[in-house]
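Engineer: Chains as they are written, first to last, in numbering that gives the first Met the number 0: chain U, 0 to 395; chain R, 0 to 234; chain S, 0 to 382.
Since the hints were derived computationally from the structure, they do not count as laboratory data.
It cannot be assumed that every hint is accurate.
[Unchecked claim] If the Cβ cut is set under 10 Å, some of the chain R residues that face chain S in the computed set are: (1) VAL8; (2) LYS11; (3) GLY14; (4) PRO47; (5) ASP63; (6) LEU85; (7) LEU95; (8) ASN101; (9) MET103; (10) PRO104; (11) LEU106; (12) LEU116.
[Stated by the list, open to error] Beta-carbon label-pair distances, calculated as ranges: (13) LEU292(U) with LYS11(S): 22 to 28 Å; (14) ASN220(U) with GLU196(S): 20 to 26 Å; (15) GLY164(U) with ALA100(S): 27 to 33 Å; (16) GLN149(R) with LYS1(S): 23 to 29 Å; (17) ASP235(U) with LYS161(S): 24 to 30 Å.
Where a beta carbon is used, it is the ideal one built from N, C-alpha and C, also for glycine.
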Amino acid sequence: MFNWIRQVLAVTRFSVLSLPQRKGSSAAAMLGIAGVVAVMVGVLSIAQGVLKTMQSSAADENAIVLRSGSDSEMMSGLGGDDTRIIAEAPGIARNNLGALASPELFVIINIPMRSTGTDANVPLRGVQAQALNVRERFRLVEGRMFEPGLNEVVVGVGAREQFAGLELGSSILVSQEMWPVVGVFEAGGGLAESEIWVDAPVLQSSYRRGNSYQAVYVKLNTADSFDEFKDALTSDPRLNVKPMREADYYTSQSTTVTNLITGLGTLIAFIMGLGAIFGALNTMYTAVSSRTLEIATLRALGFRSGPVVISVLSESLLLAFAGGLIGAGLAWLAFDGFRTATLNWASFSAITFSFDVNAGLLIQGIVFAMLIGLIGGLLPAVRAAGQPVAMALREL
Amino acid sequence: MTTKANGEVLVKVSGVDKVFKRGSEEIHVLGGLDLEIPTGEFLALMGPSGSGKSTLLNLVGGLDRPSEGAVEVGGKRIDQLSDRKLAAWRARHVGLVFQFYNLMPVLSAQKNVELPLLLTRLSAAERKKRAAIALDIVGLSHRAGHYPRQLSGGEQQRTGIARAIVTDPTLLLCDEPTGDLDRKAGDEILDLLQALNREQGKTIIMVTHDVHAAARATRTLHLNKGRLSASPIDQ
Amino acid sequence: MKYFYLIFSGLKRKKLRTSLTILSIMVAFILFGYLTAIRQAFDAGVEVAGADRLIVRHKVSLIQLLPQNYEAKIEAIDGVSNAVHATWFGGIYQAPRNFFAQMPAVPEDLFDMYPEFILSDEHKEAWLATRSGAIAGRGLAERFDWKLGDRIPINATIWGKKDGGRTWEFDLVGIYDGAEKGTDTSQFFFRYDFFDETRANGAGLVGWYTVRVTDPDKAAEVAAAIDAEFANSAQETKTEPEGAFIQGFANQIGNIGFIIMSIMSAVFFTILLVAGNTMAYTVRERTSELAVLKAIGFTDRGVLSLVLGESLALTLVGGAIGLGIAALLVSMGDPTQGSFPVFYIPTRDFFLGLLLIAAMAFVAGILPALQAQKLQIADALRR
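If we strip away everything but chain U, and leave its shape as in the complex, we get (with noise of 0.2 Å):
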C-alpha cells in the first residue's frame, strides 16, 4: 500500500512537473472551465439575490392577512371593518398603542429607471404608526418619517437607487399632487426597500378608496402562534381571508422568477459544462498522448497502471480546481453586490435586489468545476493506463 502511494506520488510529480511544456492547451482548458463557473455562478446569483431580498423580508413570528383567493396585495382587497376584526383575532402581540396589526395600501405608481429612463411599476404602500413597529428592521438613514396627514413619502434605499427622482427633497407626481420625498429607509435588505411610503388616510383619499385597505400585516407573539390566529380568522363569518406566514407569502411571490432563473441558469450552465467537458477531454488526451513514452518507460520499469491512471485524472483535476476558483472569484468580483430591478409578476411591481453570490455558490461553482474536470480525465487516464508497453515504445 505505502509503495503504491509512493508511485502515485511520484507519476503526479512527473505530470505535473511537465505541466508548464503543455501550458497552451492547460490553460485552455483551465479557462474554458473558468467561463462556465463564471456564467453559472453569475446566472445563479440572480435568483440567490431574489430569494435573500424575499427572506430578508420575512419575519418568523409575522404574518400576513390577504383576501382570500388573492397572491399578492395587488389583487386583495378589506374592508375598514375587516381590518379591525382581524386586530383583535388571539396570538397577536400587543404595545402601548394597541395590537400590533398594521392595515395597509398597496398600489404602484409610474417612476422612470434609472437605467434606461422608460417606466417601472413602483410600489406605494399605505401604512400607519404601528407598521414600523410589525416591522422592526425598518430604520430611517436620512431625513424624517411623513407626517400623519400630510402628502409627504418616505422611500426604500433600493428604490431611490434603482428609480430617478427619489432622492430626499425631490417630488412625486400622485393624482395631480407633487408629494415630497421627507425620508429615506432601509428594512433589512427586504422587498420593502424596493418601495414608497406614505400615510394610509392620504393615500386612501387620493386614490377614493374610501376606508379600505388591501392587506394587513401582524406580529404575533411567537412562531407558534400562527395556528392559533389563522383558525380564529378562517372560523370567523364575518371575514373571508387568507391569513399566511410572512416566509410562506415571500416565498410564494418569488418562486416563478427564482425558478425560471435557476431553470434556464442551470440548463444554461449544463450545456456549457458539456462543452467545457469536451474541451478538458482533448487537453487530457493530448496531455496523455505527448507523454505516451515517459509512462511507456515508467511502466516498463515496473510502475502499476494503477498511479498511472490517478496521476491523469489528478492533473485534470488540479486543472479544473484552479479553473473553478478562477471562474468563483470573477463571478463574485463581478457580480457580487450588483443592485438592479425587476418585475415581480405576482404583484405586478418593480422589486429591487442585489445578486447574491454566496459560499454555497461559490462551493457550487467550485464542485462543478471538478466534475468537469473528473469527467474529462477519467477516460484519458484510463487509456493511458491501458496502453501497451511495448509498442508505447517501439512507437518513439
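The hints should help you fit chains R and S onto chain U, whose structure is shown.
Structural biologist: Okay, now just chains R and S, sitting in the frame of chain U:
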C-alpha cells in the same frame, strides 16, 4: 516539358555563398561554389555530414536562396524569383524525393501522388490518370489505394518518387533516397532512378552517403567544407 | 474544391480530437440558438409593434383605470384614425403558473386594430353570436389542448362578479392565428359587453386604449394632443408608441439583452480557446508535412488557406449541427412551458450564427495559419 538534348547546361550555380546565422555567430556552409549540370546527367553528391550537400540541393530546388551568387535552372535565375513565383516554378520544374519519404499519412498512395497535380489546372479525371501512370512507372499500381503505414519502406519511397515525377519535371532532386532503406530495397530504388535517367532522360541530382549508391550515377562530386571536387579529399 | 479532400483528410488525422472540438463548437451554437430564441421572446413584441399604433394609459400607473367615454374623445382628435380599449383581467386558469393574458375586447374593434390576428369569418360570427364567447391564440390553445366548444373557467383576481362569484366561464368559439412568425398568439379575448355587465364594480372603466394614427410620422404630435386633451382632468393620460410601451415593460423585467450578450461572450470565449488550441496543435504536429507541401510547390498563401480551411470546416460542421439542434430544441417548446408570447429563432439570427461561425473559424485559425505560412521549408524539413 520535353527533355532537351544531352550536353546543354541545365543547372548553373555560380559563386554561391550560403551563410546561416545562429544567434550572433555566422556559419558559412557554402563558399563561392560553382557547378554546372548538363541536361540528362545523373549526378551523385557525396560528402560528410554538415558539408552542405542538402543546402546545395535546396538551393538548386528553389527551397532556399543563396546569400551570394546566382542559381540558374534552364537559363532562368531562380534565386531572384518572388516566393510566390518560386513556389509555382517548383511545382512545374522540380521533383523532390526525401530520405524519410514525407508522405501524407492520411492520404492513400494514389492521393499522395496526385498532390502536386492539385497545383495545375488539370481536371480530376486527368489528375487521376496521370497519378496512375506515375504509380505504374514505379511499379506500385497494385498498392494505389493503400495508406503509407500499410506500405513497406521501399514502397513508400517508390510512392515518393511517383509523386516527384507525376508533373513530369525536368529536374529530380533526391536527398538520401536510400538512406532509410535496407540494401535490397535501396537497390530497387536506385534501379528505378537509373531507369528514369536513361529511359526518360530525367536530370537527377542525388545526395548520398553511400558509395554503392553513388556508383549508379553518371558523375560523382564530393562536397567538403563548402567546396566541390571530383574525388574525396582525405585529411 | 479540389483542396477539399486535403482539408478533410487533415481533420481525419486525429479523429478523436476533431470530434471533441466539433462537439464543443456545437455546444456553443446550441446555446447561441437557444439564447437567441429567449431574447426574441422578450423583443418580439417590440419588433411587431405597429408603427402607427399608440398606447394611452393612466398617467400614474397602468393599474389605474380610464373612463370608457375617452374612446370617443380620442377618436375626435386630429390625426387619430380609431381607438380601442382593453382591460387587464389577470385571472387564473387552474393554477397561477398557467399564466397568460386575458382581456375583454369589442370583437369588431379588435380585428380592425390588429390585422395581424387572423380569425376565420365563421369563428368571428360565432363570437358575435355568443355573449360568453371567447377566442384564444393558436399557441395558447395548443398549450392547454383546448378545442372549440370547450368551456374555460377562469378565477378572477381583480374582477369579482355581480353575483358574488369569482369564477368566470367562457365558451371557446374561435382560435386565431398570427399573420407573422412574431405575432403573439398566447392571448385570450372575451367580449367587453359581457364583461362590463357581469363585473361587480368598475362598470364603464377600462385599462388602456390602443390608438391608430392616420400618419405614423405625426405619431408624436398626436400623442401630445391626446395627453393635452385630458390634462388637469381626474384621469390624466400618458401616451406613447406601442413599441416604446412594450420596450418599457421588457425593461422592467431586466436588461435581458445585456445578460444574454454577457453569457454568449463567455461561451464563445471558452469555445474559441478550445478550437484555437486544436488548430495550434494541428499545425505544430504537421510542420514537416506542411513544409513538404510547400516544397512541391504550394504557395505560402495556399498553405495559409489550407489551415484556415480546416478551421472553417471544423467550425462549420460544429456550428451547423449546433444551430440545427438549437432549432430542434426551440421547436420543442419554451423553458417556461408556454409563458413566452413567442419562442423561435429568427432567420436573421441564423445568418448571424453563420457569420459567427466564419468569425470563429478565422480567429481560431489565423495564428496557426500565419505560423504555417511563415514556415521555412529548409528548416522545417531538417527537423
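Engineer: Could you run down the list of hints and mark each one as holding or not?
Structural biologist: Cross-check of the supplied hints:
For VAL8(R), the shortest C-beta to C-beta distance to chain S is roughly 24 Å, which exceeds 10 Å, and the interface hint is violated. A distance limit of 10 Å between C-beta atoms decides the matter here; for LYS11(R) the minimum to chain S is near 21 Å, and the interface restraint is violated. For GLY14(R), the interface hint is violated, since its Cβ never comes within 10 Å of a Cβ in chain S; the closest pair sits about 20 Å apart. Because the smallest distance between the Cβ of PRO47(R) and any Cβ of chain S comes to about 16 Å, over 10 Å, the interface hint for this residue is violated.
With 10 Å as the threshold, the beta carbon of ASP63(R) comes within range of chain S, its nearest partner Cβ sitting at about 4 Å, so the hint holds. Here the hint on LEU85(R) is kept, as its CB sits about 9 Å from the closest CB of chain S, short of 10 Å. The beta carbon of LEU95(R) comes within 5 Å of a beta carbon in chain S, closer than 10 Å, and the hint placing it at the interface holds. Here the hint on ASN101(R) is kept, as its CB sits about 4 Å from the closest CB of chain S, short of 10 Å.
Checking MET103(R) against chain S: minimum C-beta separation of about 6 Å stays under 10 Å; hint holds. Interface hint status for PRO104(R): upheld, as the beta-carbon distance to the closest one in chain S is roughly 7 Å, under 10 Å. Given the 10 Å rule on beta carbons, the hint for LEU106(R) holds: about 6 Å separates it from the nearest Cβ of chain S. Interface restraint check for LEU116(R): the shortest CB-CB distance to chain S comes to about 9 Å, inside 10 Å, so the restraint holds.
The hinted window of 22 to 28 Å between LEU292(U) and LYS11(S) holds, with their beta carbons roughly 25 Å apart. A C-beta distance of roughly 48 Å is found between ASN220(U) and GLU196(S), which places it outside the suggested range of 20 to 26 Å. GLY164(U) and ALA100(S) have their C-beta atoms about 30 Å apart, which keeps the hinted 27 to 33 Å range intact. Separated by about 25 Å at the C-beta atoms, GLN149(R) and LYS1(S) satisfy the suggested range of 23 to 29 Å.
For ASP235(U) and LYS161(S), the Cβ-Cβ distance of about 25 Å falls inside the hinted range of 24 to 30 Å, so the restraint holds.
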